[in-house]
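One letter stands for each residue in the lines below.
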Amino acid sequence: EAGVTQFPSHSVIEKGQTVTLRCDPISGHDNLYWYRRVMGKEIKFLLHFVKESKQDESGMPNNRFLAERTGGTYSTLKVQPAELEDSGVYFCASSQPPGQGPTGELFFGEGSRLTVL
Amino acid sequence: QQQVKQSPQSLIVQKGGISIINCAYENTAFDYFPWYQQFPGKGPALLIAIRPDVSEKKEGRFTISFNKSAKQFSLHIMDSQPGDSATYFCAASEEYSGAGSYQLTFGKGTKLSVIP
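Same order as they appear, the protein sequences are chains A and B.
Here the first sequence is numbered in the working numbering, starting from 1 and rising by one per residue.
Here the second sequence is numbered in the working numbering, starting from 118 and rising by one per residue.
Same shape as in the complex, but just chain B (with noise of 0.2 Å):
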């Protein structure tokens, strides 16, 4: 059972283009939810998050936005740039035990390609 579900699986933005991901979760508990970006032979790197407590986030070229009510949540990519390629994971998570412990749940990922 896939608690968190991501599409498009692959995106292809020209240079300047804005690039969309979306993803929609069900637990209903989860209250923090990250997009990871990683490269090619790296680790996923944060690239941003969100807690349910505001419905968009914005840094630089970078913004979420929530619908808590829908259950969805998305990540725009404004003025895409080549060096935006990569795959993106959205993740969702609760708090637990208090110690400042995340056990993340991912979507399957988007392969973003952002062609000249």
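One chain only, chain A, in its complex shape (with noise of 0.2 Å):
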């Protein structure tokens, strides 16, 4: 069974410039999070999906992040335009609905790096 997959591992990108990240999650989870880890700081929550319902984006820094979820499926981040601030890594992570597993175990993706310059 696959994992969390994201695209691209790594994005370099100038101040200013667009970037859109993808996660496509574990097939049958409905939570989908991503999350945001910026160099020597904790794993910081952006938002959680529940099939394409945004469940909570308190966690979203300002309004050059949005964040979308295509028929409940893959997700993606788009970040317009790219702050210095904004380089980081970007996890997503998905989990099973409630009744067909362990609850609260999230499976990471390996995380997009965004650099910008």
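Hints are computed from structural coordinates only; laboratory data are not their basis.
Think of the CB as a built atom: it goes at the ideal place given N, C-alpha and C, for glycine as much as any other residue.
Take these hints with a grain of salt, some might be off.
Computed list of chain B residues with no C-beta within reach of chain A, every gap over 10 Å [as the list claims (entries may be wrong)]: (1) ILE135; (2) ASN144; (3) LYS174; (4) GLY177; (5) ARG178; (6) LYS185; (7) ASP196; (8) GLN198; (9) GLU212; (10) PRO233.
Example chain A residues on the side facing chain B (calculated, C-beta under 10 Å, incomplete) [unchecked claim]: (11) SER9; (12) GLU14; (13) GLU110.
Two independent chains are provided; combine them into the complex using the hints.
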């Protein structure tokens, strides 16, 4: 079974440009999360989808960040325009619906490293 | 405001020794405390987790100790091996929305190096 996949693995862009990160969760996982780790800091929650609906986007830094989840499958996170402080590793995670296994476990992708110059 | 404080930031342990990583939390509503292990270039992976109805959970060489009154929990790695060298994150969460959803609050991570 494929795990959570993220693309690209690394993106280098200039300030003011746009970047779109993609996440494909594990098949059948209704819950999809985006997290971000800025160097040396903790991994911070950005937002959470349940299927195609945004359940919680309280961690989104500002309106330069836009997340979508088409048809409850893959998700994209767009940063437009990118700023220097957006640099970091963006992790996507998914988890099973309740009743289909142990609850609480998040399965993380390998992350997309974003460098804004 | 950091809700989960993790220490130490880095740890060097000799092979066969015990690695101990500590975390403290503030939010008394947290009811799920996982530890994640991350190897370079990989995403964090669940190592072991505990809920506050027990004070200790052991899985192989890994043990979580939980002190609800002190709002602290720790990870102990017995007989540490070079293959355990990784970054370890503690986290805390409360289940919300009743949909099995967990918004994890992470500590800053501990980089463990186990030397032969």
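Structure-based check of each hint:
1. ILE135: With a cut-off of 10 Å, ILE135/B remains clear of chain A, as the shortest Cβ separation is near 25 Å.
2. ASN144: For ASN144/B, whose nearest Cβ neighbour in chain A is about 13 Å away, the distance exceeds 10 Å, so it holds.
3. LYS174: For LYS174/B, whose nearest Cβ neighbour in chain A is about 13 Å away, the distance exceeds 10 Å, so it holds.
4. GLY177: holds (17 Å)
5. ARG178: At about 20 Å from chain A, ARG178/B clears the 10 Å cut-off, so the statement holds.
6. LYS185: Since the minimum Cβ distance to chain A is about 18 Å, LYS185/B lies beyond 10 Å and the statement holds.
7. ASP196: Non-interface label on ASP196/B holds, nearest chain A Cβ at 25 Å vs cutoff 10 Å.
8. GLN198: Correct as stated: the minimum Cβ-Cβ distance to chain A is 23 Å, above 10 Å.
9. GLU212: violated (7 Å)
10. PRO233: Answer for PRO233/B: holds, closest chain A Cβ roughly 27 Å.
11. SER9: holds (9 Å)
12. GLU14: violated (25 Å)
13. GLU110: holds (5 Å)
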